[in-house]
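J.: All chains, full assembly: derive it from the sequences and hints.
In this note's numbering, the protein residues as written are 1 to 479.
Calculated from the structure, these hints are not laboratory results.
Since this is a predicted model, take the numbers as computed values, not measurements.
Note that CB positions come from ideal geometry on N, CA and C, so glycine has one too.
Certain hints may be false.
[Said to hold, decoys possible] Computed beta-carbon distance windows for the label pairs:
| id | residue 1 | residue 2 | range |
| --- | --- | --- | --- |
| 1 | Thr92 | Ala219 | 24 to 34 Å |
| 2 | Gly220 | Arg375 | 42 to 52 Å |
| 3 | Gly111 | Pro218 | 14 to 24 Å |
[Stated by the list, open to error] Straight-line alpha carbon distances no greater than 20 Å define the calculated DMTMM-like cross-link-like pairs of lysine to aspartate or glutamate that follow:
| id | residue 1 | residue 2 |
| --- | --- | --- |
| 4 | Lys442 | Asp21 |
| 5 | Lys442 | Asp473 |
| 6 | Lys294 | Asp393 |
| 7 | Lys445 | Asp393 |
| 8 | Lys445 | Glu406 |
| 9 | Lys294 | Glu310 |
| 10 | Lys294 | Glu277 |
| 11 | Lys442 | Glu31 |
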Amino acid sequence: MADVVLAIDLGTTSTKVIAVDRDAGVVASAEHGYPMRTTPSGEATHDPVEVWGAALRALREVAAQGHAVRALSLTGAMHTLVGLDASGTPVTPSLSWADNRAVEQTARLRGTADGIALHRATGTPIHTMSPLVKLAWFHDQGFSAARWCGLKDFVALRLTGVLATEHSSGSATGLMDLVSLDWHPDALAFAGVRAEQLPSLHAPVDSLPLTLDVPGLPAGLPVVLGGGDGPMANLGVGAVVPGVAAVSLGTSGALRVVRSEPAVDEHGRVFCYAVAEGLWVIGGAVSNGGVVAKWAAETFGVEVGALLDEASGVPVGAAGVVALPYLLGERAPWWDADATSALIGLRREHGRAEITRALVEGVAQQLALVLDAVRSVADVHAVRVTGGAFRSDLWATVLASALGLELELADDSEGSGVGAALVAWRALGELPSLTVAADLIKPVKTIAPDPDAARHYARTRSAVDRLYQALRDLGREQP
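T.: Pasting the structure below:
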């Protein structure tokens, strides 16, 4: 069998392990799921031991297939936070990016001179997703832990016995200085933690030896630290050269483009996270992607695919219905965890198809607003896309038209795992650089924008901005 790298991709609802060859081909995979606990108070957490169990089961299944495994590599959802005791046992659940309880701490910092300075220094917007404010929330609750880390770091600890992270995940904590690549003193002070309570920082291509006994894997196998799922997704779809953005659209969504140096825009609308070896992604994540169609399907009691098919028959503009699709608050470009949804222009003759079309258009318009913000600091002339939502023609054509660009569809939705595997192949010396991903990974399909639809979305996009501002102001006037 061919040599492979096994990439462990820790997602929001499941962990997938994929075997990837030198040409970025996926030759085997296994996946196990787990629930996310949510409560009306804003909690959105996982049991880290349960996630570890799912990851280990998937790893054992792929390792048992007999491939010649050269290394493991790690990637996972960004902005997670787990508290550990001195022995490395979790003493908190794993808080996901969607955990929204640090509202007071976020409000205390966002929009202030200190908050703006920290965003520029760390690349992470001031938002409840950030471990920076989650740590401050724990501190204000009077809770402390011996060590703090991300969920991916916890899995690395179980595999290697060492608590370590890398610059990619570190840059998404709001705690790492983008210039020094070390923990930022002012961020640590706000969070109420010391540097020694956090994982050691390493380059994404750095590795630690495997110490856990896994059948089919040799002791001492390199465990490459990899990176966060967003930056790794750019690698995994080949969007690693200037001007080519990656868009992922699953439950949530994101748009990111690579630059050779870190930066954020002057208005604080975008993030900046490390990839590896001098590459950075600049972009924005939206909290609401495919979740809006799922919500509509549940509300109307119909299967998602059938509902999207119905909505595709509705003309551009959703018969006058405009949706602000902020079911989970919103991240870029507002970074407003308290943002609420609205349906505007609704009339008696409108039904579930018009509402669903409006929700899809609302998500696409939000990603187009992110693109506008990104373009203030980086060129974007092409887009590669990945994610389960693009199995729907409606999602693909609406987004292409809202962005005004052709979408190059990458194969399936393994982007982050493939990206982590390429980091491992680079660490092994088998790739001359990470930018070869642009040549290794070819799109399987191109989706062109509809010119008339593109003009409509461009013409109405500024109204989305104004409607958001009006809805926010209205909310502030409530007793």
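J.: List in ascending order the numbers of the hints, as given earlier, that are violated by the structure.
T.: Those not satisfied are hints 3, 5, 10 and 11.
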